[in-house]
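Going down the list, the protein sequences come from chains A and B. Residue 150 in the working numbering sits at position 150 of the first sequence, with consecutive numbering throughout. Adding 156 to a residue's 1-based position in the second sequence gives its number in the working numbering.
It is possible that some hints are incorrect.
[What the hints assert, rightly or not] Here are the computed distance ranges between Cβ atoms for each label pair: (1) B:E180 / A:S3: 34 to 42 Å; (2) B:G526 / A:K76: 36 to 44 Å; (3) A:T111 / B:T289: 39 to 47 Å.
Worth flagging that the hints you see were computed from the coordinates, not collected in a lab. None of the values given here were measured: they were computed from a predicted structure. Ideal Cβ positions, reconstructed from N, Cα and C, are used throughout, including at glycine.
The chain contents come next:
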Amino acid sequence: MLSEESKKELEAALGKYPNKRSAVMDALRIAQKGNGGHLTKEDMDEIASMLEMRQVEVNAAAAFYTMYNIEKPVGKYHIQVCRNISCSLLGAEHLIKHMERTLGISTGGTTPDKRFTLSTVECLGSCGTAPMMQINDDYYENLTETRIDELLKTLK
Amino acid sequence: MEGLTEKPLTGHLKPDGEALDISEYEGYGGYEGLRKALRMGHSEIQKEVKEANLRGRGGAGFNTGLKWSFVPMGKDAPRPKYLVANADEMEPGTFKDRFLLERNPHLIIEGMIIASFAIEAETAFVFLRWEYTLAAKRMRRAIAEAYERGYLGRNMLGSGFNLDLRVHVSAGRYICGEETALLNALEGRRAVPRSKPPFPQTSGLWGRPTVVNNVETLSNVPHIITGGAEWYRKLSRSGDGGTKLFGVSGRVKRPGLWELPMGTTAREILEEHAGGMADGFSFRCLIPGGASTEFICEEGLDVKMDFDSVQKAGSRLGTGTMIVLDHTVCPIAALHNLERFFAEESCGWCTPCREGLPWVARLLGAIEDGEGEPGDIETLREHTRSLWVGKTYCALAPGAMEPLKSGLAIFREDFERHIREKGCPSKRERG
């Protein structure tokens, strides 16, 4: 169920577009945020009825775009490491392996205490400060193994 | 005139990394371009921008004023019309629009308002990447400031012109940067490209006339209006007008971004601004403008970085942000990295791209891992033909083929050794 707060946010988003359907990406983002980082079938069905769309249309939008985590809960800290060319040239693969070892999970996995999810993502536009990663909303650039170790310790 | 600088995009940025707020921006002559534009006619603005030879900074290099001129104008034109700032930057190696969004949001807003006025659009959207959260925060704050001062909203500065500016946060996928796919995304549909014609200028968002311009492109507009087309053209060292945000990533001494005249050579950018290669690394080659451009080697470094010159040299200016490969990089691994990205980001709409790109990526992965077969090089070459311009629905796959096509020629020996020696020779030599 969408929270009252999420519904209010969605109402505001609806005002941006000439029809309801166009707000579906906002709706999915708002629902995901309100749900701690992932989307549920119930939320998507509720969005479909609010936006007067068919459920399959909402599902299709959610499945197409990569930022939506459908029925896939993520940890409190979602670590997203860029693996594209500029980061890769500066050792992104080593950093990913390092984090897999440190956290004891493979890429795509979540730690048993639900604290960390480790993902690889496509270019985040931080190529001059590579290698980089984003944890939830924040960028961390010019990474080294030491910096990552220090950082992970601060995330409780 | 106040605020006119050799560096219109970055000349007055704050050294602490914060965004210019509206008072600071106005202090440097900000919104003067808008005041002047509101006194000009729509066609006069279009003409000025066209004569400035401002070319699309998203990578395609189309003349911006010319792009605007295809929008139906006058009282019989279909309405409402829309302007969209494409802030969906996701071309690997490209980090220039994020910089502008975070540091100079009012410049983008002013450019958007002038562009909207020039095409009589009454609603404008910033189509922004989800991950650019700092940019979103700063852009929203700047938009609120612009409304407060009367630069947005109804009867702007008493001109009778109305404009609403809204932020649309997208949800991933490189294809959204393609302007017709972007329109589908804004309409809440899957971001697949639309067939052209009709072009967005006549039938775009919700079937209405729409112009989609890149963030950096729009950022040039206020200064063109303030300083005039002739002044703007003279900022450049070549036929393309103005300056460009050039960037360098890879193993160089000082990776980063610099606003320099259009037509600055690749060598100057690499050696003077980026400080040359990092200690212990030597130059092998570079991709000049984001992932989807062809390689340039040592002998090509004196190329002027502008749309026509780079094209004549056999590559593309693209986004103007170059990726440098050093001598330790396995070129097959680099190509595999590039093509895996494109395969992942194919929207799946047309078959050659959906099927071809993953095949290319798999073959490159196999060759990198020492499992390549002698016929693989020819299969890859065949793909550079069957995924070329005209064979697919949009420019994604042909763009993906650009580094591959030139890589197959430049790294011929590397390819052959990988296949013959069943593995990466440089990895083996390094142990």
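Status of the hints after comparison with the structure:
no.	hint	verdict
1	B:E180 / A:S3: 34 to 42 Å	holds, 38 Å
2	B:G526 / A:K76: 36 to 44 Å	holds, 41 Å
3	A:T111 / B:T289: 39 to 47 Å	violated, 24 Å
Of the numbered hints given earlier, the model fails hint 3 alone.
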